[in-house]
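S.K.: The chain contents come next:
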Amino acid sequence: MKILVNGDWHDTGARDLASALQELGYGEAVVATALNGEFVSTDSRATVRLADGDRVEVLAPMQGG
Amino acid sequence: MLTLYGTEIRSRLLLGTSRYPSPAVLADAVKASDAQIVTVSLRREASGERAGQGFWSLVRDLGVRVLPNTAGCHSAKEAVTTAQMAREVFGTSWIKLEVIGEDDTLQPDVFGLVEAARILAADGFEVFPYMTEDLIVAEKLLAAGCRVLMPWGAPIGSGRGLNNLFGLKTLRAHFPDVPLVIDAGIGVPSHAAQAMELGFDAVLINTAVAQAADPVKMAAAFAQAVQAGHAARQAGPMEPRDMAVPSTPVIGTAFLR
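Residue numbers (the numbering used here), protein chains in the order written: chain D, 1 to 65; chain P, 1001 to 1257.
Hints were generated in silico from the structure; no laboratory data involved. A hint or two may mislead.
Claimed, not checked - One side only, chain P facing chain D, incomplete, derived with CB under 10 Å: (1) Y1020; (2) V1038; (3) S1041; (4) W1056; (5) R1065; (6) N1069; (7) E1078; (8) A1083; (9) E1088; (10) F1090; (11) P1179; (12) D1183.
Unchecked claim - Far from chain P, some chain D residues (derived; all Cβ distances over 10 Å): (13) G13; (14) A18; (15) V31; (16) F39; (17) A46; (18) T47; (19) G65.
Stated by the list, open to error - DEER-style ranges, computed between Cβ atoms: (20) D/S19 - P/Q1224: 51 to 57 Å; (21) D/D43 - P/L1135: 38 to 44 Å; (22) D/S41 - P/P1023: 24 to 30 Å.
The C-beta atom is built at its ideal place from N, Cα and C for all residues, glycine as well.
Chain D on its own, in the form it takes in the complex (with noise of 0.2 Å):
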């Protein structure tokens, strides 16, 4: 399956949005999530069900004015 991650396609065998970020390496960093335009939270990413063609987006603090 193949899910858009920050723009960019990978390929991925995980089920759900908790497992695919740690499959992708983001291991205990700060980072919020979006699944296709909607906030998913931290504590339901493992119930978030990803589907061919999802989009994810992770976001991480960055300065800002």
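Got chain D; can you put chain P on it based on the hints?
M.R.: Frame of chain D, contents of chain P only:
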């Protein structure tokens, strides 16, 4: 003391964290500015990098409160999702709400802004909306649940100061009890002092400090200007006149012609 959503804030200077020459300069500038609130943002992070983690660690060590923004969002939906992500990462319900309508001026899309503010306020967010100085927009934002407003001085990063003095004065007069923070467009400390003299409650500065030749020195200069402007407002400035009025008493002047 300034109160923003029930939190008492001593410093009336809010500082952005973007565009500094280095993280060390950013940290020193925050200290020199005496700011108690800094703005932060969220961006994509690849799995291999940890830039965001390093930045977040630096900010936490500064012991300041963070005000996350929704910079770069062009619709209410994007801004709402970004705000939800920011609340989780930064652990605060404060959100500087930006919905950009036009890229050359970074002018707020006030329609999207009001829509997003209503959704976020209903969801428990404490919204700091980046807005134009329009009175009706202000009223709609307050009706949407905002209890702080952040009118622009001039376009973000332009350094032009307070572009619409009449509009800003009108806004201040119309909402005497709403905390108003001038956000964006301030270029030099005298602009910040002017905003405070007009009765605004605080100013938010980023580029003017970050892009100065010496950001740390400029941060300190802004801190002084904000304090001076606020003190001047409390002291009650004189009204300007068209004609001269002698400051030295004329009674008893010697006749020496």
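S.K.: Against each hint, give a clear statement of whether it holds in the structure.
M.R.: Going down the list of hints, with the structure as the test:
{"no.": "1", "hint": "Y1020", "verdict": "8 Å, holds"}
{"no.": "2", "hint": "V1038", "verdict": "9 Å, holds"}
{"no.": "3", "hint": "S1041", "verdict": "3 Å, holds"}
{"no.": "4", "hint": "W1056", "verdict": "4 Å, holds"}
{"no.": "5", "hint": "R1065", "verdict": "14 Å, violated"}
{"no.": "6", "hint": "N1069", "verdict": "5 Å, holds"}
{"no.": "7", "hint": "E1078", "verdict": "8 Å, holds"}
{"no.": "8", "hint": "A1083", "verdict": "9 Å, holds"}
{"no.": "9", "hint": "E1088", "verdict": "5 Å, holds"}
{"no.": "10", "hint": "F1090", "verdict": "7 Å, holds"}
{"no.": "11", "hint": "P1179", "verdict": "19 Å, violated"}
{"no.": "12", "hint": "D1183", "verdict": "9 Å, holds"}
{"no.": "13", "hint": "G13", "verdict": "16 Å, holds"}
{"no.": "14", "hint": "A18", "verdict": "14 Å, holds"}
{"no.": "15", "hint": "V31", "verdict": "6 Å, violated"}
{"no.": "16", "hint": "F39", "verdict": "4 Å, violated"}
{"no.": "17", "hint": "A46", "verdict": "15 Å, holds"}
{"no.": "18", "hint": "T47", "verdict": "16 Å, holds"}
{"no.": "19", "hint": "G65", "verdict": "4 Å, violated"}
{"no.": "20", "hint": "D/S19 - P/Q1224: 51 to 57 Å", "verdict": "53 Å, holds"}
{"no.": "21", "hint": "D/D43 - P/L1135: 38 to 44 Å", "verdict": "42 Å, holds"}
{"no.": "22", "hint": "D/S41 - P/P1023: 24 to 30 Å", "verdict": "29 Å, holds"}
Checked against the numbered hints given earlier, the structure breaks hints 5, 11, 15, 16 and 19 and satisfies all the rest.
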